[in-house]
Amino acid sequence: MSRQRFSGFALLRRALCGHRGWRPQWRKCEPKPAYDAVIVGGGGHGLGAAYHLAKEHGLGSVAVLEKGWIGGGNTGRNTTIIRSNYLFDESAALYDHSVKLWENLSQELNYNVMFSPRGVMMLAHTVHDVQVFKRHVHANRCNGVDNEWLSPEEAKAFCPPLNIGDDMRYPVLGAALQRRGGTARHDAVAWGYARAADALGVDIIENCEVTGIRRDAQGRVEALETTRGPIGARKVGIAAAGNTSAVLNLAGVRLPLESYPLQALVSEPVKPIFPCVVMSNTIHAYISQSDKGELVIGAGTDAYTSYTQRGALHINTHTLDAICELFPTFRRLRMMRNWGGIVDVTPDRSPIIAKTPVPGLYVNCGWGTGGFKATPGSAHVFAWTIARDEPHPINAPFTIERFRDGHLIDEAAAAAVAH
Amino acid sequence: MLLIPCPYCGKRPELEFTYGGEAHLARPADPSQLDDRQWAEYLYMRTNTKGVHAERWRHARGCGRFFNALRDTTSDRFVASYRIGEPRPARAAGDPR
Chain D
1 MSRQRFSGFA LLRRALCGHR GWRPQWRKCE PKPAYDAVIV GGGGHGLGAA
51 YHLAKEHGLG SVAVLEKGWI GGGNTGRNTT IIRSNYLFDE SAALYDHSVK
101 LWENLSQELN YNVMFSPRGV MMLAHTVHDV QVFKRHVHAN RCNGVDNEWL
151 SPEEAKAFCP PLNIGDDMRY PVLGAALQRR GGTARHDAVA WGYARAADAL
201 GVDIIENCEV TGIRRDAQGR VEALETTRGP IGARKVGIAA AGNTSAVLNL
251 AGVRLPLESY PLQALVSEPV KPIFPCVVMS NTIHAYISQS DKGELVIGAG
301 TDAYTSYTQR GALHINTHTL DAICELFPTF RRLRMMRNWG GIVDVTPDRS
351 PIIAKTPVPG LYVNCGWGTG GFKATPGSAH VFAWTIARDE PHPINAPFTI
401 ERFRDGHLID EAAAAAVAH
Chain L
1 MLLIPCPYCG KRPELEFTYG GEAHLARPAD PSQLDDRQWA EYLYMRTNTK
51 GVHAERWRHA RGCGRFFNAL RDTTSDRFVA SYRIGEPRPA RAAGDPR
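Sequence order for the protein chains is D and L.
Just so you know, the working numbering puts 416 at position 416 of the first sequence, and the rest follows in order with no gaps.
Just so you know, the working numbering puts 16 at position 16 of the second sequence, and the rest follows in order with no gaps.
Excised from the complex, chain D in its bound form (with noise of 0.2 Å):
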């Protein structure tokens, strides 16, 4: 099947026509028996490694096996927010790989993902708070990735419904904003992804979940049992977010991961009035404003590990507090809907994007509460490793053995959510 090309013109023919015509975006599949390689996991980091596999890498076959519906996992729950503001090397290289390819992607995949760079602004409340945004700032420019720092007067006047006032239980002393970042429409980047891999190729079969991992004598990868037969494949990557110890259980590999429930909530649509995104991470809101205009407002993580993709409701009035206290105009808002997403954490809040001990396996997992924003640069390197068995140079530090040597990455003070 052809693509349809998306453009202006394009619309507007069909726009003439009554829009009649438009056909299905990509093939809904029945598995073969066999692939050169398959991605477990159709969010946005699988589509996105398939459609990397099959562009750069010249596979012949590729599948995305996703056992729900693609996107409709952590791709679809997140709060949409990207950045690149993370304080050590290894990171700022990973996430600001990631913030480039986000300034291009509508182009890439001919899918408007309505990346919005409008700038997110991260909020001090304390003297710790001022230090560490400070050396964050300075060492985020050390490694080119733009970041300043705001008195609450500019920061103010770059969000204005932001309460600066000395009313509050923890004023506002100050702001870290990182101009490039922004937001992307999240549903967009599944199905541009989906889409492009499609035309490409690819097989997007959904509805069938992995249940055994088959292995070779030599103890290589051969085969995957799903809930839809056996499909063989040499390579195999594993890009399940909150799953990936339940699969990975499969073939014998134990991670450093907790599975935890991560909630968001949005308010009735208003009118526009919130011009950026603001986080902080000391009181913990974050808050953003949709182009539907509801208010998206990202929660905390529950306090146990779970697998039940929802969480207490007294996650969500903590962080309402905090917004209420920000931005006082929004304390008559109504929430209309949350919802909670199964993040896997690892100890150093940073990912792992790697091989495995296992011949032909690799795995792309750890992204905590922040992977959205790093979609398209961990598609990039993890179709890298899959289809060269070795690890990008950018991806090269986040290894499972990292946990083992002592080389962690220890980003806790950069990750957005408080674990």
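One or more hints might be untrue.
To be verified - Here are the simulated lysine-lysine pairs, DSBU-like style, with alpha carbons at most 35 Å apart:
1) LYS67(D) - LYS55(D)
2) LYS28(D) - LYS100(D)
3) LYS32(D) - LYS11(L)
4) LYS67(D) - LYS355(D)
5) LYS50(L) - LYS67(D)
6) LYS355(D) - LYS50(L)
7) LYS50(L) - LYS28(D)
8) LYS271(D) - LYS134(D)
Keep in mind that the hints were calculated from the coordinates and are not lab data.
Starting from the known structure of chain D, fit chain L onto it as the hints suggest.
For chain L alone, kept in the frame of chain D given last:
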């Protein structure tokens, strides 16, 4: 919010508790005898069970005591709770395994 069965106080709301992670991870008696892989196994590797999970809780804003519990992480339903030092119950009533 969960209702958590403290073995000393009975069912209490989650806000009274703190979570202590996976249970039955004994600190090695002589860490200097371990190699790096074994030490990483103790420090970082977790079963992250999808199903009935043995975990520590502390009734921090109640009796203050630690205890262990079995909880199904696919439903958040508590299967059993038991005191520190007691072995994991082999199969409790209502255990979905």
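Hints and how they fare:
Restraint check for LYS67(D) and LYS55(D): the C-alpha separation of about 24 Å stays at or below 35 Å, so the hint holds. Only pairs whose Cα atoms come within 35 Å are accepted, and LYS28(D) paired with LYS100(D) is accepted, the gap being roughly 32 Å. The suggested pairing of LYS32(D) with LYS11(L) is violated, with an alpha-carbon distance near 51 Å, which exceeds 35 Å. Of the supplied pair hints, the one linking LYS67(D) and LYS355(D) holds, its CA atoms being roughly 23 Å apart against a limit of 35 Å.
With a CA separation close to 15 Å, the supplied pair LYS50(L) and LYS67(D) stays within the 35 Å bound. Taking the CA atoms of LYS355(D) and LYS50(L), the gap is near 23 Å; set against the 35 Å cutoff, the hint holds. Taken as a hint, the LYS50(L) and LYS28(D) pair is honoured in the structure, with Cα atoms around 29 Å apart against an allowance of 35 Å. A hinted pair counts as satisfied when its Cα atoms are at most 35 Å apart, and LYS271(D) with LYS134(D) qualifies at roughly 34 Å.
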